[in-house]
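Student: Sequence:
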Amino acid sequence: MDLNSFFYPKSVVIVGVSANPQKIGYLVLKNMFDQGYKGKIYLVNPKHSAILEQKVYPSIKDINDKIDLAIVALPAKMIIPYLDEIKSVGCQNAIVYAAGFKESGKEGKKLEEELIEKAEKFGITVLGPNCLGFINTSLGINATFLKGSSPAGNIGFISQSGALGSVMVDYYAGHQNLGFSHFVSLGNKAVIDETEVLDFLKNDKQTEVIGMYLEDVRIGQKFRKILTATCKVKPVVILKSGSTEEGSQAALSHTGGLVGDDDIYSAVFGQSGAIRANGFSEFLNLLRLFSFKRVPSSRSTLVLSNAGGLGVLLADDLIKNQLSLVTISEDTKEDLYRAFEEAKKITVHNPIDLLGDASAFDYERAIFSTLKEKNIGSVVVLLTPQANTEILKTAKVVAKAQRKIDKPIYPVFMGKKSMAKTLHFFEDNHIPYFKTYDGLPVALDKINTFLEWQKQASRRDSNLIQTLSVVANRPEIEKILITYQDQKIVNMQDSLDVISLSGIEGVNTSFASSISDLSHAMTQVSFPAVLKIASETITHKTEVRGVFSNIKSLDELYFSFRKIMQNQEARGCYVQPMALGYELLLGAKRDPVFGPVILLGMGGIFAELLKEAVYFVYPFSFDCFQKTLIKSKFAKLISGFRGKPPLAVQPLYEVAMKLGVLLEKVTEIKEIDINPLFVQGSTIKAADSRIILQ
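Terminal number for the sequence shown in the working numbering: 694, no gaps in between.
Think of the hints as simulated: they come from the structure by calculation, not from any bench.
Just to be clear, a hint being listed does not mean it is correct.
In silico DSS-like cross-links for lysine-lysine, where the CA-CA straight-line distance does not exceed 30 Å [as the list claims (entries may be wrong)]:
#, residue 1, residue 2
1, K644, K631
2, K479, K455
3, K404, K488
4, K293, K416
5, K404, K416
6, K627, K320
7, K121, K234
8, K665, K644
9, K10, K30
10, K121, K10
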């Protein structure tokens with residue numbers, strides 16, 4: 001979908017323009033004038049001949065000119081018929097502000113379906129309905145009914161919330177040197193959705209950073225593809241609302257209970273390179289840093305402070321957020337000692353404490369003495385308002401230093417009453433400031449993660465292509481699953497057979513419903529052994545005393561069998577040899593929006609107790625898989641834990657991808673649990689599994 005003519009129209013018509021200052025038709029016209037639209041504006045309303053000294057036409061058909069965009073300020077029930085009018089003059093783009101569509105109930109939903117059908121038939125691209133419209137500051141077009149004009153800037157903002165959009169417009173209107181290239185309110189997304197607008201902004205020269213407020217995504221795979229392509233060329237910061245509600249079938253598997261909608265969105269954003277903001281303040285901070293082009297070159301940070309305690313707290317937060325403190329070289333230490341020898345003793349390790357009476361000159365000497373360190377990625381200048389603190393002078397020192405060096409300097413000027421003038425100074429000089437230190441480390445971590453993702457993007461793609469040669473043995477798998485047409489749950493042995501056919505090795509398993517069967521099974525299984533209850537209704541076997549492990553003799557085996565068979569839901573037992581290694585949970589779930597989702601967590605009885613898991617949306621690269629594990633609590637396992645060998649990441653990645661292929665190829669499968677999955681070095685075996693069908 002080419003949206004250039006939509007967002008860069010040379011001529012517009014406002015249908016339903018009004019002389020009433022309280023009506024949308026009037027507010028949009030006034031905003032167009034105030035923003036300074038450079039194109040032609042035509043007005044349509046059969047009840048008026050002129051509004052704001054502008055000619056008003058009785059019908060769109062009376063306009064003898066090409067119309068690029070129709071701005072429709074009419075009630076919901078008048079929209080569908082008016083599309084015929086728009087089509088008749090050759091206009092292919094329309095904004096529909098009206099509410100009363102699918103958000104209002106069954107009748108509104110039906111009306112929206114008619115709108116979509118007619119728009120598709122006529123080839124009309126529609127923004128909305130139930131939206132605020134859009135702003136393009138470079139063209140001077142403000143096709144919204146928000147209050148006031150919007151300052152120009154380099155931020156492209158896409159919003160599913162009209163209210164949040166109005167807050168953002170108002171926020172930037174009150175800040176110097178911050179503003180939109182484009183603001184787009186999506187509304188109900190009848191035709192234009194978040195993916196189309198994102199694709200447009202990806203190629204828009206006025207847009208250097210993109211912010212998105214999302215409640216959902218309409219077409220998951222397409223969105224993910226465009227998001228990944230966009231993040232390769234410019235940053236995308238996403239504020240996503242909503243958390244999952246566990247479905248009624250969640251208890252059927254560990255995976256269903258552990259993977260929620262929000263986990264899936266986080267995985268999609270992370271794998272695609274997007275930055276997810278946790279809260280509105282963080283969202284604004286990230287957009288501001290990217291907009292001002294104040295991004296760190298590495299995770300190495302230098303801290304200068306006039307408050308020892310706060311400097312240490314800031315340093316703690318930096319470390320907690322995977323950042324590092326620059327080690328100050330001996331040469332730089334000597335420079336600092338020489339610079340301050342006539343004045344006072346300062347702490348010359350990072351964070352550098354300039355003491356409470358630090359002057360603006362002290363900050364200047366410290367900044368320029370340390371910035372020759374080559375491995376500094378960013379500098380934080382922390383200042384508190386003490387009796388003789390030169391607040392504004394120090395701010396000017398920061399601005400002077402920022403003009404001379406290419407490393408970003410982040411002023412953290414803490415206080416309120418005494419900081420007002422200084423904060424305005426920072427805004428005027430394109431310097432992103434922080435009123436407290438706690439938002440900065442999180443922002444720096446996320447920006448560094450994005451920049452690292454960008455550097456690895458091409459390598460990530462090649463890794464992915466090599467791994468996708470895995471092909472599921474579909475005919476044999478479907479032969480097993482067809483016997484479960486009237487059931488939802490595939491038993492453990494058949495589930496293990498299915499994943500074995502997908503290339504994932506399973507532990508040797510035999511079924512026994514009698515002592516005789518058990519004796520025969522032990523000709524195939526060696527001690528020590530494990531005995532598990534066989535039941536399609538029991539998910540958590542240990543909770544019903546349905547698992548006996550480390551069985552070393554036949555007598556012990558028979559005793560355990562009789563105990564299990566006392567459970568009325570037992571139809572027999574599975575017997576296996578004891579497996580060794582780390583116990584993990586590997587699961588897969590078919591998400592209706594994004595497709596196969598893979599979960600990796602702690603296995604055995606700890607799966608839902610600890611709820612420590614990581615998530616991947618298939619397909620995913622080895623680089624993504626490895627980095628996610630390193631940042632999780634699995635990191636200790638990767639290097640070896642308590643005498644056990646290191647966790648082999650590459651074989652585990654291949655097994656996880658095979659599970660993704662299985663879900664992709666065999667559409668009858670809804671969820672898969674492998675719990676536990678035993679991992680010992682490069683040997684990986686599934687000891688228990690459950691498949692849930694659609």
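Student: Next step is simple, just say for each hint if it's right about the structure.
Tutor: Going down the list of hints, with the structure as the test:
| no. | hint | result |
| --- | --- | --- |
| 1 | K644 to K631 | holds, 20 Å |
| 2 | K479 to K455 | violated, 45 Å |
| 3 | K404 to K488 | violated, 67 Å |
| 4 | K293 to K416 | holds, 26 Å |
| 5 | K404 to K416 | holds, 29 Å |
| 6 | K627 to K320 | holds, 17 Å |
| 7 | K121 to K234 | violated, 35 Å |
| 8 | K665 to K644 | violated, 36 Å |
| 9 | K10 to K30 | holds, 18 Å |
| 10 | K121 to K10 | holds, 24 Å |
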